[in-house]
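2 protein chains.
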Amino acid sequence: MGEEAFEKLEDHLNKGEYEGKRYRHVPDYRRGIERGTVLIEGTAVRGFPKVPRTLVLEEGVPTHFDGRVTVEEKLNGYNVRVANVNGDVLAFSRSGMVCPFTTRYLGNRLDLEAVFEEYPAAMVCGEMIGPENPYTAHDYPGVDSLEFRAFDWRDRESGEPLPIEERRERYDAFGIPQTRFFGTYDVHEAAGEVERIVTDLDADDREGVVMKSPDGETQLKYTTSAANQGDLEFAFSLPFDYGQPFMFRRIIREAFQSVEWDEDPETREGRAHDLGEAILLSMTDTIDTIADGERIGERHTVRARPETVDALLEHLRNQGLTLEIIEDEGSGDDRVVTFEKRVQSTNDKTRNYLEGHIVTE
Amino acid sequence: MGEEAFEKLEDHLNKGEYEGKRYRHVPDYRRGIERGTVLIEGTAVRGFPKVPRTLVLEEGVPTHFDGRVTVEEKLNGYNVRVANVNGDVLAFSRSGMVCPFTTRYLGNRLDLEAVFEEYPAAMVCGEMIGPENPYTAHDYPGVDSLEFRAFDWRDRESGEPLPIEERRERYDAFGIPQTRFFGTYDVHEAAGEVERIVTDLDADDREGVVMKSPDGETQLKYTTSAANQGDLEFAFSLPFDYGQPFMFRRIIREAFQSVEWDEDPETREGRAHDLGEAILLSMTDTIDTIADGERIGERHTVRARPETVDALLEHLRNQGLTLEIIEDEGSGDDRVVTFEKRVQSTNDKTRNYLEGHIVTE
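Protein chains in written order, with my numbering: chain A, 1 to 361; chain B, 1001 to 1361.
Don't read these hints as lab results, they were simulated from the structure.
All values reported here derive from a predicted model rather than from experimental measurement.
Built from N, CA and C at the ideal position, the CB exists for glycine as well.
It is possible that part of the hints are untrue.
What the hints assert, rightly or not - Below 20 Å or equal to it, Euclidean Cα-Cα: the simulated EDC-like pairs (lysine to aspartate or glutamate) are:
no. : chain 1 : residue 1 : chain 2 : residue 2
1   : A       : Lys50     : A       : Glu73
2   : A       : Lys221    : A       : Asp172
3   : B       : Lys1221   : B       : Glu1058
4   : A       : Lys221    : B       : Glu1355
5   : B       : Lys1349   : A       : Glu58
6   : B       : Lys1221   : B       : Glu1160
7   : A       : Lys349    : B       : Glu1160
8   : B       : Lys1050   : B       : Glu1189
9   : B       : Lys1221   : A       : Glu355
10  : B       : Lys1221   : B       : Glu1165
11  : B       : Lys1349   : A       : Glu73
12  : A       : Lys349    : B       : Glu1058
Claimed, not checked - What the simulated footprint calls covered on chain A by chain B, stretch by stretch (three residues with Cβ under 8 Å from a Cβ of chain B suffice, anywhere in the stretch; the number is not a length):
no. : stretch
13  : 43 to 56
14  : 204 to 218
15  : 253 to 264
16  : 294 to 300
17  : 347 to 358
Unchecked claim - Under 7 Å between C-beta atoms, here's a sample of chain A residues computed to sit facing chain B:
no. : residue
18  : Gly60
19  : Asp66
20  : Thr136
21  : Gly142
22  : Val143
23  : Asp144
24  : His273
25  : Gly276
26  : Asp285
Okay, chain A solo, but in the shape it has when bound:
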């Protein structure tokens, strides 16, 4: 992975700049190179590989794995990769942009210097979770604002992962918080164990699991009904801004899970009712709001040093988002800002339909 590989992709690269450092990155899925791969000041930082999903554990797990399977928690936040680029510790988004907010936020709260001193080619991979999150807010007990949880450790150039056990020991040694580890199971008992684990996670409104081969090479994910329905609730609250395939896939997952778990008619009906509420009630709330003359937006709260908050708002605006600041207060050394990302289609289309515009499909 060097300059030459990048030259071939030139037409598909986005350009960026962070504090005078120019970089190029692969913003979408391409054959042969991970989305999010970055070339910055002669350093390549590999994209985080797409994690495949199974809709059916009992068949999908043994089809995908041999031998033993480790199970760790999949958290609902945003994916970040952290690497040391010529002495600067930078946080990269899934698509390969330097995130000025996450870079500063982690720089102030997590000591990664020791990691990069010992392992300069490390790519620290993890999830940013919690309610005060500028991209995807989700509540986790014990997480009051926004925290990092490591879930992978890879070589930034080759993308090679550490084996799970080694990775977990290393992060422990450095005092870096990690995603939950559930266990390592024989491939033939793994599906049953995962069903049990996912049932518990579902009851706690958590997202799901990532299964891996012990060497960390092979990955597979599976999510809870709570996650599917939570995503649907959010997507249908912005029905004309979310992709229909996004919605459709989550509906499909619910059906396969219900069948695999052999739900009795009452349980299945309960799932159907919850699904219907997730879809309809979020949409009627949105329409009611717009009918009342208000606008719908995507609201987030962040708590960070004033300079970090400024960097975030500037970064989002540079991406073309229109932001409205709802609240802006100081709190100790931090600034707590609630802002709303403007969404266009849901407001415009809903208003049009409410005004009696005609649908010609």
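Given the coordinates of chain A, assemble chain B onto it according to the supplied hints.
Below, chain B alone, put in the same frame as chain A:
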């Protein structure tokens, strides 16, 4: 509308042949010419115009109409236009194919000769409804098999409609059955009247209404929750064969109706539960069936003269459909055949997922 207009569209025309009569037709929506327009032996038969829809009656009706609005029932079946082409009475599908089944079926059961003798340029427009229907089966009390209901009368060349009153009187005079007429209302009371009518239709599991200006020129449709949910139930029973926009539009309609009708929380929750059942339970039934080693298909029963049934099966097979005959019996002069149209994607994809194939989205 003549040869010249058609020449310009040459690249977008489909060709067909019916009993030695060659024809060309416009199979999809094009600017400036109705989908389904046919040129056959020098005669042009106009496509039936797309009927626009409102999601909100209170605003949509006065935006769309002036003065007075007539309301008739919209039936759930398939659209057919009948015209006299050089002495042969032919039935055309929505997309402009001669339907050999409908042509024969109507020829045997409905006396249209008198209509065309008096009005040779008439285009008789209506819906084929009932449970024994090769395209869209829906139960209507009093309709045991398959029947025709006229809902429009147009000039076949110009597409000009008759005014509603004149049209209804003419069909009455010829003894041709028609869709139900609910009334003519002042535009400002029409939305309220339609809400009342649609609520009754919904309780009877019927589809909805078409509103028209009394001259027949302007049309607008609005459907019941029963129709939206019935369509969703069907679509999600074949989830990988139906378009996601088809599903999405019907979900959206439910939300706007719930808001416009200002449903109390309990009623809205009930609608959400029904919606969830329509979506999830049809899908889990399909997955269960395929998990049991069976195939899913689209099943229809038709009852007609043996020659008419043969013409249908040949017509469907000529369109590339794979049919399986489930039952085939005589009944008086008629043959009663139950057949299944094979669907591909739902069977293949569902089986793949059940076998543990991986999803990479």
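Hints, verified against the model:
no., hint, result
1, A:Lys50 x A:Glu73, "holds, 16 Å"
2, A:Lys221 x A:Asp172, "violated, 24 Å"
3, B:Lys1221 x B:Glu1058, "holds, 13 Å"
4, A:Lys221 x B:Glu1355, "holds, 16 Å"
5, B:Lys1349 x A:Glu58, "holds, 17 Å"
6, B:Lys1221 x B:Glu1160, "holds, 19 Å"
7, A:Lys349 x B:Glu1160, "violated, 32 Å"
8, B:Lys1050 x B:Glu1189, "violated, 25 Å"
9, B:Lys1221 x A:Glu355, "holds, 16 Å"
10, B:Lys1221 x B:Glu1165, "holds, 19 Å"
11, B:Lys1349 x A:Glu73, "violated, 28 Å"
12, A:Lys349 x B:Glu1058, "holds, 17 Å"
13, 43 to 56, "holds (count 6)"
14, 204 to 218, "violated (count 0)"
15, 253 to 264, "holds (count 5)"
16, 294 to 300, "violated (count 0)"
17, 347 to 358, "holds (count 6)"
18, Gly60, "holds, 4 Å"
19, Asp66, "violated, 14 Å"
20, Thr136, "violated, 18 Å"
21, Gly142, "violated, 31 Å"
22, Val143, "violated, 28 Å"
23, Asp144, "violated, 32 Å"
24, His273, "holds, 4 Å"
25, Gly276, "holds, 2 Å"
26, Asp285, "violated, 9 Å"
In summary, the numbered hints that this structure violates are 2, 7, 8, 11, 14, 16, 19, 20, 21, 22, 23 and 26.
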